[in-house]
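Fit chain B to the supplied structure of chain A, relying on the hints for placement.
From first to last, the protein sequence lines stand for chains A and B.
Add 7 to the 1-based position in the first sequence for our numbering, that's all there is to it.
Add 1 to the 1-based position in the second sequence for our numbering, that's all there is to it.
It should be emphasised that the hints constitute simulated quantities derived from the structure, not laboratory data.
Small disclaimer: the values here were computed from a predicted structure and weren't measured.
Careful: at least some of the hints might be erroneous.
Said to hold, decoys possible - Partner residues are not named here, just some residues of chain A that face chain B (Cβ under 8 Å, in silico):
#1 Phe-59
#2 Val-84
#3 Gly-85
#4 Met-86
#5 Pro-95
#6 Asn-96
#7 Gly-106
#8 Arg-110
Stated by the list, open to error - Covered by chain A, according to a simulated footprint, are these stretches of chain B (three or more residues, beta-carbon under 8 Å):
#9 181-192
#10 237-245
The beta carbon of each residue, even a glycine, is placed where N, CA and C say it ideally should be.
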Amino acid sequence: MPYLELHNLSKTFGGPGAVVDFDLAVERGEFVSFLGPSGCGKTTTLRMIAGFELPTAGTVTLDGKDLTTKPPNQRNVGMVFQSYALFPNMSVARNVGFGLKVRGRPKDEIDARVGEMLELIKMAHLAKRYPYQLSGGQQQRVALARALAIQPQVLLLDEPLSALDAKIRVELRAEIRRIQRELGITTVYVTHDQEEALSISDRVVVMNAGRMEQVGQPFEIYNFPRTEFVAGFVGTLNQLRVTVVEAAAGRLAFADQTIAAGGPVDAANGATVLAMLRPEELHFRTAAGENQLTGKVESVTFLGALVRVQLSVGPARITLDALNERRLNLPKVGEMQTVSFPPHAVWVMPTT
Amino acid sequence: MTISTAPVPGVAGVPKGKRPAEGNRFWSWVFFLMGVLYFLLPLAGTFYWSLRAEKGRLGFEAYRRLFADANFLPSFSESIINAVVAIFISLLIIVPTAYWVRLRMPKLRPVVEFITLLPFVIPAVVLVFGIIRLYSQPPLLLTATYDSSRVLLVCVYAALSFPYMFRSVDNGLRAIDVRSLTEAAQSLGANWATILREVIFPNLRVAVLSGALLTFAIVIGEFTIALFMAQHTLGPYMQELTRSKVYEPSAMAIVAFAMTWAAMGLIYRVSRGQQTQIGAGH
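If we strip away everything but chain A, and leave its shape as in the complex, we get (with noise of 0.2 Å):
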């Protein structure tokens, strides 16, 4: 049996829904992350977790319990805001410790749970700190701290990162995942960026205008996206209309060349479609049985690790990412270059 359970979840404010129909099972001590753009209901839907929010319609269970109008008071579940919400009034002992003397637990219970959640962010000596006196990252493991003393059923994190420095999103990143994995808990993570949700979560629920597009593991929602949308959002995709020249053998047309997918194609032939391929399947070695595409090199863009290269084939773009070598040549701008994928990175989505 699940352990949360959303059910047929929506709200509207006013305006078209805000979300619609969210229904989403997630196991206990499973790490799931609300993906999407901003404005496409994943907040939404986390504060109607946390109890901020009363859904239009559906149900929030949690343990077999129904929680959809209980208070956010009444919930027993953590929050960590993306603009950590310490109390500037308190140390950081005093604020990892106030859900407990709310609770009416007594003093040597919280000294001691106090110290138990400093430990695990690694901050005990900074206990009589106070929120202005840490730099974001420590501020945001303080409010981590202070939503895990309570030890709630569910741990929900907003955007906990967005606030923060590249370095130290990718360091903070990791204490969250490793503290999570320590405790067992259930998290529910909301973000805009599909490299944290993909490194972080056991399974990602990709949302758009109020809607799930997908659900799946990282590796499921990159590699083989439902929509289009899934297509685009997460990571860089080419995007090729091609037309369907044999749907059983998988063969394809696009800008006089051919593509040959790696199965039979779900379309009728001559109708077009669209190929997708994800710029690091492509290369410019040559190897036999793979698809290959001419076409003149129009951008080169070196990023340190990786080397994108934009080529323009016909009427289209496409981007190929290579990784870097000290030994790499790189090519050059105006020259014709022949790129090569293999047949099963290919594959295709109707048009829109």
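Chain B only, in chain A's frame:
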């Protein structure tokens, strides 16, 4: 195009550029001193006058007589108590209101702001006659005895403080992330009373203090309403003194001034003390 290494006029003018800044500082000192004189000269004049009670020499005779007057200290302490209670009532009304408006009804803010401004719009004389008319007949008969009138007076003072209190508290609320702090406290299990007491109030201390100081200063010297409600507070007492004595009113003004500042200083010290205590850990 070549890049010239010759000094550009604007760059060469940098040392000159200092002069306007110095000039500004000169004028700011002039205006500052004018301000100081504007405030201090009348005070100095009053103080000088208050020292001349004895013919031919300067001394504190007027002060001695003032403190010997049996009505002075009671009226002064009555005004202080009125002020403190009015501040308390005002805070109890304004802080939750301003908090709720900011959290849940931001669209109502202009309306609430206008309502809190009403004491500025209505002259004190009009206000007091309205109040006396309303509260001098059943079922709201409050002007019958001195004590019930005093309760009424304190409530009116609380209302008079709304413009200052609301503005200070609202500015204080603007400086903190009210919504996130409230939601964080809620998710940790806190109810509304706990949130106001433990999270909102402590973070509004400076704002509340400035509102309280303004209220205190107004209530201590308030004359019109207290007079019409036949209250023996400092305002009417001072007026009475002015009519009957020559030097004592000046001494009285100086004492009231000093004691008001002392009271403000005390509130300030107490709040600072709390802050350093918190800063030290507990």
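Now for the hints, and whether the structure bears them out:
At about 6 Å, the closest approach between the beta carbon of Phe-59(A) and any beta carbon in chain B falls short of 8 Å, and the interface hint on this residue holds. The restraint placing Val-84(A) at the interface with chain B holds, with a minimum CB-CB distance near 6 Å, inside the 8 Å limit. The beta carbon of Gly-85(A) comes within 7 Å of a beta carbon in chain B, closer than 8 Å, and the hint placing it at the interface holds. Proximity of Met-86(A) to chain B holds as hinted, the smallest CB-CB distance being about 4 Å (cut-off 8 Å).
With a least beta-carbon distance of about 6 Å to chain B, the hint placing Pro-95(A) at the interface is held under the 8 Å criterion. With a least beta-carbon distance of about 4 Å to chain B, the hint placing Asn-96(A) at the interface is held under the 8 Å criterion. For the restraint placing Gly-106(A) at the interface with chain B, the shortest Cβ-Cβ distance is roughly 4 Å, inside the 8 Å limit, so the hint holds. A cut of 8 Å between beta carbons decides the hint on Arg-110(A): the least distance to chain B is about 6 Å, and the hint holds.
Counting residues of the region 181-192 of chain B whose CB lies closer than 8 Å to any CB of chain A gives 11, so the stated coverage by that chain holds, three being the minimum. Under the rule that three or more residues need a Cβ within less than 8 Å of chain A, the assignment of the region 237-245 of chain B is violated, with 0 such residues.
Going down the numbered hints, you'll see the structure goes against just number 10.
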